[in-house]
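Asker: I would like the entire structure built from these sequences, with the hints used as guidance.
Quick note, the sequences are listed as chains D and X, same order.
The opening position of the first sequence corresponds to residue 1 in our numbering, with each subsequent residue numbered one higher.
The opening position of the second sequence corresponds to residue 1001 in our numbering, with each subsequent residue numbered one higher.
There could be a bad hint or two in this list.
Unchecked claim - To give a feel for the contact side, a few chain X residues facing chain D, derived at Cβ under 10 Å: (1) P1033; (2) S1043; (3) E1092; (4) G1147.
Stated by the list, open to error - Looking from chain D toward chain X, a few residues come up when the C-beta cut is under 7 Å (computed): (5) A58; (6) T130; (7) Q414.
Quick caveat, the hints were computed from the structure, so don't treat them as lab data.
Nothing here was measured: the structure is a model prediction, and the numbers come from that model.
For every residue, glycine included, the Cβ atom is placed at its ideal position computed from N, Cα and C.
Each chain, written out:
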Amino acid sequence: MSKNLSRVVKLSLFALVIVMALPLLVSAQTPDENTLIIGQSVDVGQLDPATINSRAEANIFFHVFGTLFEIADTGELRPYLANAYTISEDGKEWTFTLNEGLTCHDGEALTAEDVAYAFDRAANPDNGFTGNTSGFVLPSIGFQGTRVEDELNVTIITDRYQTPNLRLALISEVYIHCKDAYEAMTLEESAQNPIGSGPYRFVEWIPDDRIVLERVEGYTLREANFQTQIWRVIPEASTRVAELIAGNIDVAANVPFDQSEAVNASGVAEVQAVSGTRRIYVGFQFGENFADAPGYDALQKTEVRVALQYAVDVPTICQTLLGTSCERASSMVNPPNNNPNLQPYPYDPAMAEELLDAAGYPRGENGVRFETVLMGPRGRYLNDANVVQAIAQYLTDIGVQTTVDIRDWADYSQLVRPKEVGPMFFLGTGGGTWSALYDMADLSGPTAGTNYTNWNNSEWFELWDSLADIRDAEEERAVVNQMLEIFYNDPPWLLLYFQPDFYGVSNRLNWNARRDEWIVIYNATLK
Amino acid sequence: MGQYIARRLLQSIIVIIGVTLLAFLTLHLAGDPTYLYVSERASTEEIEATRVKLGFDKPLPIQYLNFLSGMTRGDLGLSLRSRQPALDMVLERLPATLELTLFAMLISTLLAIPIGIISAMRRGTPLDGGIMLFAMFGQSIPSFWLGIMLILFVGLTLRWLPISGHKPVLSLLFEGNVEQAIRNIPEAIRFLIMPAITIGVFSLSRNARLVRSSMLEVLSQDYVTTARSKGLKERAVIIKHAFRNALIPIVTMLGLEFGFLLSGVVVAETVFSWPGVGRLVFNAITQRDIPVVQAAVVLFSFLFIGLNLLVDILYARLDPRIRLR
Chain D
1 MSKNLSRVVK
11 LSLFALVIVM
21 ALPLLVSAQT
31 PDENTLIIGQ
41 SVDVGQLDPA
51 TINSRAEANI
61 FFHVFGTLFE
71 IADTGELRPY
81 LANAYTISED
91 GKEWTFTLNE
101 GLTCHDGEAL
111 TAEDVAYAFD
121 RAANPDNGFT
131 GNTSGFVLPS
141 IGFQGTRVED
151 ELNVTIITDR
161 YQTPNLRLAL
171 ISEVYIHCKD
181 AYEAMTLEES
191 AQNPIGSGPY
201 RFVEWIPDDR
211 IVLERVEGYT
221 LREANFQTQI
231 WRVIPEASTR
241 VAELIAGNID
251 VAANVPFDQS
261 EAVNASGVAE
271 VQAVSGTRRI
281 YVGFQFGENF
291 ADAPGYDALQ
301 KTEVRVALQY
311 AVDVPTICQT
321 LLGTSCERAS
331 SMVNPPNNNP
341 NLQPYPYDPA
351 MAEELLDAAG
361 YPRGENGVRF
371 ETVLMGPRGR
381 YLNDANVVQA
391 IAQYLTDIGV
401 QTTVDIRDWA
411 DYSQLVRPKE
421 VGPMFFLGTG
431 GGTWSALYDM
441 ADLSGPTAGT
451 NYTNWNNSEW
461 FELWDSLADI
471 RDAEEERAVV
481 NQMLEIFYND
491 PPWLLLYFQP
501 DFYGVSNRLN
511 WNARRDEWIV
521 IYNATLK
Chain X
1001 MGQYIARRLL
1011 QSIIVIIGVT
1021 LLAFLTLHLA
1031 GDPTYLYVSE
1041 RASTEEIEAT
1051 RVKLGFDKPL
1061 PIQYLNFLSG
1071 MTRGDLGLSL
1081 RSRQPALDMV
1091 LERLPATLEL
1101 TLFAMLISTL
1111 LAIPIGIISA
1121 MRRGTPLDGG
1131 IMLFAMFGQS
1141 IPSFWLGIML
1151 ILFVGLTLRW
1161 LPISGHKPVL
1171 SLLFEGNVEQ
1181 AIRNIPEAIR
1191 FLIMPAITIG
1201 VFSLSRNARL
1211 VRSSMLEVLS
1221 QDYVTTARSK
1231 GLKERAVIIK
1241 HAFRNALIPI
1251 VTMLGLEFGF
1261 LLSGVVVAET
1271 VFSWPGVGRL
1281 VFNAITQRDI
1291 PVVQAAVVLF
1301 SFLFIGLNLL
1311 VDILYARLDP
1321 RIRLR
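Answerer: Laid out in structure tokens, this is it:
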């Protein structure tokens, strides 16, 4: 090769190296003492307070918008924009009294009229909102409308009595915004320009990159300790962990448990593992559209479903596949609201086999009692696909030959809602810390949307209906406990665990992760 | 030439109808998207109301015809999630993706051509063997793994480059903010290097092999021997006679390269939190946000068709024997 050509080649390589090396001289940026950076895996879909669709969205919106009451990490409900409430005699009308001197971020006074507007706007079918407020909260409280009593008092009108704690918690999920500001915007504009009522004001949204919030100076209802909050979108878990260890973010949501050790050894951050409120279970499908599916007949028998509770070594699954000793479920209700008399079924395969023999399903010559299918998702819950496979193996070990059918979450979720999963299916549903009834509402009726198993225990549903007439808390508790015993003894779920959640938290920060998947961080401080 | 371009543009309409129909059917085959837009505890009535709101209650052919009718007016619909015009959402993220793909192409091409030439000139030597080994490694390595490794070693251990994120340049240029765009360039390159290597290393390896084999073929041609026997300097032989002719398959590859890099960009965008079209489309697919997927499909189809047309025209410029009909 000629010397000239060789020189050209070398020069082009050298130029490339220089171009790439120059920026290395610029130092990396880390958060300063006035800035808090949180890394979540998903971005918001839009910024309208009436359309919250995911926990990631709710986490950010909660810092921008105030709510009438706030659900504390303990499950306690404490005043926020409102300082008191009264309930009408029939329990259908709730009148909230607002704090004086409230304003929205544009300076507009926040009055009872604005609260009424926030509820009515979310309920208005012409707006076509989907998501938590219009799709869940308002139907769940039987929302009928609002009435402005005076400047500080607003009444929420519903069609039914509801346990106060449950209703208050649901109402606490509605984000309050000012009427004039939102009436001046089209729906397309309000989806991009949130004007809030909380401790932080919206500054900037760079889709799929970050949302920047600035503290509202003089906001007295909540103590906002950092001048700026940046909510970064970092979809890949390993990247979030690397950013945390590098000191570039303060909190990383959903840290993979197998990277906990690396985080803890970094000296920069630590992993907080909390027992979450999401109930992970295997549902037994009772829907007749599965009547021809393998194992369907066997799984209709209460004795068989009880036997299977003993077959799965949940503590070992937690320790090996979830990296922690998780909270075992003895009912569908989160502690501390569950029935204290119910103990989780122990892992006892011999007992499981004995009960299956007694139920009329002895092992055949090939060692199989009956065959069935366990469906499950990939990519939704912690290590879900592996947990599903482990469960299937435990069931196969006691002679219930279980085939696994795993689908990506996007596909799986579209089968769960119309109840087209079975004869057994793996699922996790969100729960709360503030009310047993909130958790039990999954089974509010044989045809309820969240009764994915189509369970139809008449005793349970009669007692559920009876709760509507009970006003006394102790009496209600007794019925709840009775219902949970029914659930325990005629289980529509194979009870597993409450999903643990892992948060990576910078050592410079004073902040504790919550159980209910909320990242409420306005009160975090520097150490 | 004019007729040729007109015919190709006509063909592109058929291509676009085909790909949008395919995307539309695939997204609907997986089930009813309504469930992704309602709360976990939504009642049957709420689900039905949402289905009507989103227009999923209409028969599939009607939904598709509505989309086509909108497309002819330049209206590709609103995103089901964000209520923003779907095309605007794609266009908003396109500059970030273009930055990444063009930078990856630049790196892979700038390196592949000299590496391929050196390898061809030093055929059979240990240097040639080393380059080919590297090329094989580069084509075999999964880009996802490479991205994570770069983050761990270059970003986290050595702290040379930012682990993730993006600094805009092209979008600022499109907005007319030239001054800020220029100021951002050094920082933007820092953010670009690791994701560009992640998606570019495969192309670099493949192109280096292609340049090598193309050069080897051309160097054995009679006209190269003639050029040498005429006493031309080796530099002139390589650059003017050999390399220009070796360029034809490389130009073809570069045309396809852009499409290849675009299709692979979703991995780098996910690993490096890059706010580009790849992630937007990936999320739109998982959320069955059909208007956004369709907008991206239409836009990318136009890009591919335009690029292929450009490559065909370049062909004719490089090799006068090729005529466009």
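Asker: Next, verify each hint and record whether it holds.
Answerer: Cross-check of the supplied hints:
A distance limit of 10 Å between C-beta atoms decides the matter here; for X/P1033 the minimum to chain D is near 7 Å, and the interface restraint holds. With 10 Å as the threshold, the beta carbon of X/S1043 comes within range of chain D, its nearest partner Cβ sitting at about 5 Å, so the hint holds. At a threshold of 10 Å, the smallest CB-CB gap from X/E1092 to chain D is about 7 Å, leaving the interface hint in force. Hint status for X/G1147 relative to chain D: holds, with the closest Cβ pair at about 8 Å, below 10 Å.
A distance limit of 7 Å between C-beta atoms decides the matter here; for D/A58 the minimum to chain X is near 11 Å, and the interface restraint is violated. With a least beta-carbon distance of about 4 Å to chain X, the hint placing D/T130 at the interface is held under the 7 Å criterion. For D/Q414, the interface hint holds, the least distance from its beta-carbon to any beta-carbon of chain X being 3 Å, beneath 7 Å.
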